[in-house]
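2 protein chains.
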Amino acid sequence: MKQNIIQPKVLKGFRDYPPSIMQPRRDMIRRLEDCFVSFGFLPIDTPALEYSEILLGKGSEETDKQMYRFLDNGERDVALRFDLTIPLARFAAMNVSELGTPFRRYHIAPVWRAEKPQKGRFREFVQCDFDIIGTTSLLADVEVVSVIHSALQSLGVKHRIRVNNRKLLNGLLDSLSLADRSGEVLRAIDKIDKLGLDVVREELLQVTGHDQDKTQALLSFISLRENKDSAAVLAHLKNLAGNHPLQIQGIAELEYLFATLPAASEFCDLDVSIARGLDYYTGLVFETSLVDLPQIGSICSGGRYDNLASLYTKQSLPGVGASIGLDRLIAALDELGQLGNHKSAAAIYIAFAEHSAEIHHYGFALAQRLRQQSVSVETASQEGKLGAQLKYADKRNIPLAAIIGSDEVASQTVTVKNLGSGEQQQKVSIENLLLLLK
Amino acid sequence: MKQNIIQPKVLKGFRDYPPSIMQPRRDMIRRLEDCFVSFGFLPIDTPALEYSEILLGKGSEETDKQMYRFLDNGERDVALRFDLTIPLARFAAMNVSELGTPFRRYHIAPVWRAEKPQKGRFREFVQCDFDIIGTTSLLADVEVVSVIHSALQSLGVKHRIRVNNRKLLNGLLDSLSLADRSGEVLRAIDKIDKLGLDVVREELLQVTGHDQDKTQALLSFISLRENKDSAAVLAHLKNLAGNHPLQIQGIAELEYLFATLPAASEFCDLDVSIARGLDYYTGLVFETSLVDLPQIGSICSGGRYDNLASLYTKQSLPGVGASIGLDRLIAALDELGQLGNHKSAAAIYIAFAEHSAEIHHYGFALAQRLRQQSVSVETASQEGKLGAQLKYADKRNIPLAAIIGSDEVASQTVTVKNLGSGEQQQKVSIENLLLLLK
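Protein chains in written order, with my numbering: chain G, -9 to 428; chain C, -9 to 428.
In case anyone wonders, no lab produced these hints; they're calculated from the structure. Small disclaimer: the values here were computed from a predicted structure and weren't measured.
Note that the list lumps identical chains together, so a pair holds whenever it fits in one copy or between two copies.
Keeping only pairs whose Cα atoms sit at most 30 Å apart, straight-line, the calculated DSS-like set for lysine-lysine is:
hint	residue 1	residue 2
1	K2	K55
2	K304	K2
3	K(-1)	K55
4	K304	K(-1)
5	K304	K381
6	K(-1)	K109
7	K385	K304
8	K304	K375
9	K181	K228
10	K181	K2
11	K148	K181
12	K218	K228
13	K184	K218
Starting from the given sequences, assemble the full structure and let the hints guide the process.
Here it is, written out as structure tokens:
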């Protein structure tokens, strides 16, 4: 029977995840989960597929175009989620009365966007979101910033969190009669890190209708970012004459944050140019950069919003939250050589010098005993010669081999070989093997 | 600005995953991963979306119909994976030369099937597969059965693994000149647990063209399942005259399995009626039932196959593997009341008797200190009155509250209240709080 071979391939913009990606991802997810749990956050998930009307029109026109949207077998108009925020809003609208508020949740899951593939950008990637919903209290703002710091600390990642408050810019825009153009202004300011001040000035001139005074007022304000002393910037802002009421409130909120956040100065800076282009933020906004690789941009961003789920419920759901770009962070740590060594899964390999059911049983029983002592063990999965077995173990970066033949079975021992050093092998009792592995 | 509310809903056959599902799922996945790692298995993942031609025609006609298949924005014919076996085959065809064999991998991920929704059956569910590929050795068979036992033990699940060898039935079919109908015969025999012997007899009569002798030969063979003594059944099979060479080989393989698998009799039975309808199994096959809930059927099944990826590569990739239906297992444990208590994420709640930046800072700093001692802490996320804060904590099943006001800040203490017992509260130093929590 002749069979045609189907060319094996993955879709453009997608990729397989071999152990070299999955081991660090698994370990990072565990550390993040442990951190979230230590702050009382609970895990949720939502379906990958949603009705398209749930997802459409809440993101930008761009995300609408990037959706994987289709008719299912029942002619339902469905799409794959492109973020975890809209599913949270839909989930909250349906479940929050049962779950109660304030509700602390985290959500680690893949999302899909048919973006133009670029180096390091894929059409499927894992996001990691955490939010406290159902509260307007600044207590929740402080807690979310603490979680970010603690999460990145637990990953051993050197970072700075740059915070700002939307009320500062919104107050300024209102006093400049630019409140109706706030989206455009915020998105222009957002570009300062990537494209520089000249591009921002050019865009602001366009938005203000070439009003030099207004453009200058905005540029003067965001130039405060150059002062790296958060307390000094706050003091300066407070002393400005003619502050808008919104600005006064924004300053007070930032003062509260810096006063209550433990060890704030060690990891947190005020940066008045942080805008976060999305319309729904209303108070605290923040971005997080890697100290050793600032050029990759923010690896954790978010802020406070007044109403999460207004599209789906009349119930007001204010909250504050953040999103870690997990795959981006993994790529960055890989670039920095900080992913750690994940090549070997097992601490010891059990090889057979001879083959019989009795010898194999001895090996399997030994493996079981070692695993009960929390030692990870790989047993040979191919008969073959001893040399080939040891070569395999060495290729898998397993440091030790326990070799078993009829001699070892008779004397209830194993022959231990250090595969890395090539040291001379030695015969030891099972008890001594256990000691050796400790 | 009036806005129309979009009715929030999830797709038919899908569901949200609140903390009551996600906490046990997370904890079970961790235990399973730890078990796989202790056997030297490495994690992989593959994209949720694949080219349809990769997925089509490898499963059954039924799975083809159940696929979520569509044209993406680039007019590519794509589909969501409906199992983890075909993605493994495609992955192996592309990556196995780099990864080397034998290759032990596990894969825990959602799959999608547009099945008719039923109680406990969803269109999105998590599967958990593990395989050793690139080896024909029985060593790998024993290892996979050991993994199943160890994995379910680590979940605290009482179970029996029922094993069989396809060669027994295939040899019998060949000697009855029924080899060309093996698929139909195997699928008929598969129904014995669910539908009973009479239905199987009826189907076998149809498949054999109402040949009473052949039907009786098959029924006599599978009636050996009634003997629960695996060693006796093996001895009986060995003593049958006129065994087919395939049967002789199957018996030898089963003898080897029972001789080498540590403590086999404690959890493993020979059941000659285990058929596993899928065509690709060639040797060992197995199913696993819950001792306390056998009627839900197998929660972990699999077997040995000669060639995993023949559709995608000319390289022969034999292997052996198993699949745990994770969501099904969670539902079963829930039914048995064995999921454990997962209601509370935090061990202690920090509440505020009064509100000021200084008092809040004291609370946040205390929370940080407790978390450094691995205590999970939720701080109040709403100002409000103390009573309301404590009521919230109690609703979240958090057992203890640490109450902070200006008195506590001044004396560097906290007031501890046991929320469950309503015991009288007591003021303690931070050091004593740490001792109390240990």
